[in-house]
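A.B. asks: Once you've looked at the hints, dock chains B, C and D against the given chain A.
Chains as they are written, first to last, in our numbering: chain A, 97 to 437; chain B, 97 to 437; chain C, 97 to 437; chain D, 97 to 437.
Not one of these hints is a red herring.
A pair counts as met if it fits within one copy or between any two copies, since identical chains are not told apart.
Computed cross-link-like contacts, SDA-like style, restricted to lysine to any residue with a CA-CA straight-line distance of at most 25 angstroms:
hint	residue 1	residue 2
1	K189	D157
2	K373	E140
3	K366	E432
4	K262	G376
5	K237	A434
6	K366	G148
7	K262	T400
8	K234	V361
9	K373	I437
10	K301	R358
11	K208	E353
12	K283	E176
13	K164	T126
14	K265	P346
Honestly, the hints are just simulated from the structure, not real lab data.
Protein chains: 4
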Amino acid sequence: MLNCAVLGATGYTGAELTRLLLSHPDVRITHLTTRQEKPIPLSEVLPSVPRGVQLQITPYDFEDLRKKADMVFLCLPHTEAMTTGDLFLQAGKVVIDLSADFRLKDATLYPKWYGIDHAFPARLRQAVYGLCEVNRKKIRKAELISNPGCYPTGPSLALIPLLEKKLIKHDPVIINAASGVSGAGKKLVTSTQFCEVDGNYNAYKVNKHQHIPEIEQNLSLAAGREVAITFIPHLLPVYRGILATIYVEPAKKTVTEDEVRRALVTAYGKDPFVRVKPAGQFPSLKDVRNTNFCDIGVSLDARTGRLVIITAIDNLLKGASGQAVQNMNIRFGFPEGAGLI
Amino acid sequence: MLNCAVLGATGYTGAELTRLLLSHPDVRITHLTTRQEKPIPLSEVLPSVPRGVQLQITPYDFEDLRKKADMVFLCLPHTEAMTTGDLFLQAGKVVIDLSADFRLKDATLYPKWYGIDHAFPARLRQAVYGLCEVNRKKIRKAELISNPGCYPTGPSLALIPLLEKKLIKHDPVIINAASGVSGAGKKLVTSTQFCEVDGNYNAYKVNKHQHIPEIEQNLSLAAGREVAITFIPHLLPVYRGILATIYVEPAKKTVTEDEVRRALVTAYGKDPFVRVKPAGQFPSLKDVRNTNFCDIGVSLDARTGRLVIITAIDNLLKGASGQAVQNMNIRFGFPEGAGLI
Amino acid sequence: MLNCAVLGATGYTGAELTRLLLSHPDVRITHLTTRQEKPIPLSEVLPSVPRGVQLQITPYDFEDLRKKADMVFLCLPHTEAMTTGDLFLQAGKVVIDLSADFRLKDATLYPKWYGIDHAFPARLRQAVYGLCEVNRKKIRKAELISNPGCYPTGPSLALIPLLEKKLIKHDPVIINAASGVSGAGKKLVTSTQFCEVDGNYNAYKVNKHQHIPEIEQNLSLAAGREVAITFIPHLLPVYRGILATIYVEPAKKTVTEDEVRRALVTAYGKDPFVRVKPAGQFPSLKDVRNTNFCDIGVSLDARTGRLVIITAIDNLLKGASGQAVQNMNIRFGFPEGAGLI
Amino acid sequence: MLNCAVLGATGYTGAELTRLLLSHPDVRITHLTTRQEKPIPLSEVLPSVPRGVQLQITPYDFEDLRKKADMVFLCLPHTEAMTTGDLFLQAGKVVIDLSADFRLKDATLYPKWYGIDHAFPARLRQAVYGLCEVNRKKIRKAELISNPGCYPTGPSLALIPLLEKKLIKHDPVIINAASGVSGAGKKLVTSTQFCEVDGNYNAYKVNKHQHIPEIEQNLSLAAGREVAITFIPHLLPVYRGILATIYVEPAKKTVTEDEVRRALVTAYGKDPFVRVKPAGQFPSLKDVRNTNFCDIGVSLDARTGRLVIITAIDNLLKGASGQAVQNMNIRFGFPEGAGLI
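In isolation and in its complexed conformation, chain A is listed as follows (with noise of 0.2 angstroms):
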């Protein structure tokens, strides 16, 4: 069994990633942290937690976590995180980062898009990106894993396998995605307030939004050269999920939609968690919701020969939880599904 952590539990992303945790057979959760002074019972910010738990969300304490936990989850907010990662990984344990504190490899991009200068740049180095299908390899031995944004992770693993075999053009890269709520994340603000998301729909961030370099940068690594995206997140109505329906273009003017599907089958034919949707069927969020599917849908238009991917997955799981739980199924050699199917 391994000894697991989670820093951070009360929040959507702690509390989803316990839910997970606790189904899978091959952990132990040792500790649930939070900030607060206080223990709060597991079963507060997780309803549905089985009876005869009686796991309790604890205040922060070092020493006892270095003891007892084999690897930390992080669902600390962004700067604390570098400092607290720093720490574990000093103390020899394994730490998967669900904030976005180790996922940019350019120190010089955290002043820019998260307003910090980053403490600790070469942990940068050392991170391993955790987009599970693409860095599976990498991943096995990292013990610094940067588990990847909600937004870019459903972009990323759709263009990254057309842009290695060149299928599309590195420009335009246009992704105009829509987010449920609770990737904003609990803290109280007038825009999540019910009466202000209900029946609405609208842009958010324009042009600003800090998943821009973390997305530029999965996609540059996979052209082989600089990548500029225009990247409009919208806020939607709903609780969970993430839809992303990305314009680009074919590289040729031979190339085939089929032949854009097959290199994505190609590509993840075998992996558990992405779906090649086919001709003519597109993703939807009710098909991903409270699952670690991404599912990939694409249609090339003969009009104007323009391509469309689409993207779905749910925000709390391979957009965070899941593909954090996945990542720890990798690098400790479990099956890749475990607790997540």
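C.D. replies: Just chains B, C and D now, kept in the frame of chain A:
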């Protein structure tokens, strides 16, 4: 008082139109009709009808309509409006048609996009496309006004002035649109069942939506050359509203965001129902629902040089019945906002 | 033209009230106030405001209000309305208070249910309870109108005539009510976050809601004896609307369902905003949302002899701002439906 | 491994049941059937099915079922289950029926509440009512288990121990219940269209719901005398979940809230799926959705002496498929929570 009839008053647009006409100071409703065989009290389809109003929705009776109505609104299914519209035009009535039957100038597009041959191609030339702010002069003298489709309204209002002033390229024009469920009408289909829609979001009719040629016709006219667009509609889990996120490119590198915004303000600054958002602000469905407004926001991304334009309308008002009343107001010399503000 | 001021125009009821007053033919808005220090454009809290309207919501200025306003609407938090109301009454203004501060006749109930001592108990005697259809005569001459609470409005309208005519027993009276989220106001609390409310439904303030004494006061007056009710409010995942399902018993075995319905029709048959449903039909939120209607349905169960009465209103209209305008109309001799139909 | 068949796997309960059985460690699915003529891939009705699973939903074939299945779950429409159930019982199979066809002991109730004569009244005596926590012993030996209705489950679990211990009066029993839309099944009707349900809430089948005799049968048995209830169901704009707010009276004035709560804890303290809330806390749909829990809360109002009991379940799990699996677990000696936790 203008004597108006609404043909097809039991659907969402028919009921919304009736609601508007009831509060219009210059209008008397002479008929509300249905294809059903028995009369239906208006209050059954429009529960908000004031207590004194005793209107019935009655079976269609051409002779009686001909005698008492000065003008007719057609809220009929596509293809049915074609014949009925012709009949009332022959009888010397003004016709405002909310279907697509008179929207396209090129009759050969009907077989391709609507699966039918057009029965009265000559009427297509006669018809004035009722995009109020753009065609106001022609609408004043029109006998047959073809009310714009719900999806085309916002993007056309936003892009026409920019194409006319050559501020944007005519290609690419990518429109990512999302609509509330009322846009699908009242027919019973699985895809509009609550359990299918709630918590869901997906693209549909990918690269195949029948509003594509209508938008292209509008933009081609403005550009002075043929425009081919990419248009992907999505279904939102909301009752009403359409938000379109549009990706285009400035005509030259020297074009500024402010220049684009000012062009829109110049075009619509005095219009009661088009609002151009200030820099950094963008439309939301909640700002336009239950109104006849079309809101437009603009962002030019310095990193990619790409222009994002966002429009929002209420699909049942500015996207259907509201614009129909606005067209009537223009046609008959009433204040443009009568019954709408 | 009547010069009206709205104190506290940034909340849901304040904004809704402003919307109604803007379309009222006999009213001029002199002030919209806020406790914030800087002016706010009205369009920020009321996006549907017509383009020409340039109103600002400005910091409260008693002297200016005193000079220009004939009457004031108080959309202030409980306890704050007490003092402000007294001040404007001293200045000779008509006050319509939408808070609970003047609703209860018995000052000793305030410490128990609202946690405060009442600062001006004499004003409680002066205040006319603004349940329009019941107290119309008194409202015509009132200086201080206390607008009813959202939950009390429907059940009071339904039960008062039945108690007065002794058609039902005064005990038991069980009211199971469910409200949309706008009833909770705009303050940031976890329980009104989208992710808490969406897909959820639950009872709250079980046996503790502050509207209990208000309903009991109304029913006791009608019954001519003290009535103690059971009242359980629930939170619905909807924006607006309250539906109350009420369980009572006929006074005698000989009372028929039809007799009960006719008593309600007799009481409200000529009122513009109360609709009694025919046998076998019952109210729905969708029938009353965005209207000032109160719908009432009746079912007498032959098996158990128990009477079920269902009422529905829009909590922001008949349950708050709509009824406030109706009160103003009655007080100042305007048509009762002015600005509301 | 137990060989199980699901008859009627395309509906909401059938799909949910299949999902549970797929993850059950002791079960092999032999058949998923449909009344349609062509096979349907399971993934079409259950998008979350793991990638390796290649199950098809196939046309009903009695002979093949008889050979391969040890037991059958009937997710068939009312009246159809009657005949099919009898057939499999004759063939010596264990039958768990999720319809109402074997729930009522008194055959004369079927014409009144279901509009049909019962074809196999003898089977009614044979059937064990599968309210797991109450009938566990009988379920262990049952050949025909009649799975409880969605509405009856929560109120029956809450009231049976209180009636048995004579803590509450058998009259009045008033149940105000609210259900998510999945309870209405997949058939296409106007009342479950998104635009009808979204933002709406209303009572339906007032005093006429077919679950009334089922609840009365359960409560009468517990009370040792005939119980007549008032039951009003409402439709919530949510996908899944039922919350029932129950109004009863303590048997004596000396009964305390704590006594009532302790009676429930005594009855269910060791059961994995019934949770009694501590004083001052009440069930929410969000606490039980996607779980097999039944949560129960209690409040005794000191002012009126009335007792309010609130229950919540997920209608598709504890209210249908979850309880069906729990019944299977009890019947075949598997751990009661297998496949459910």
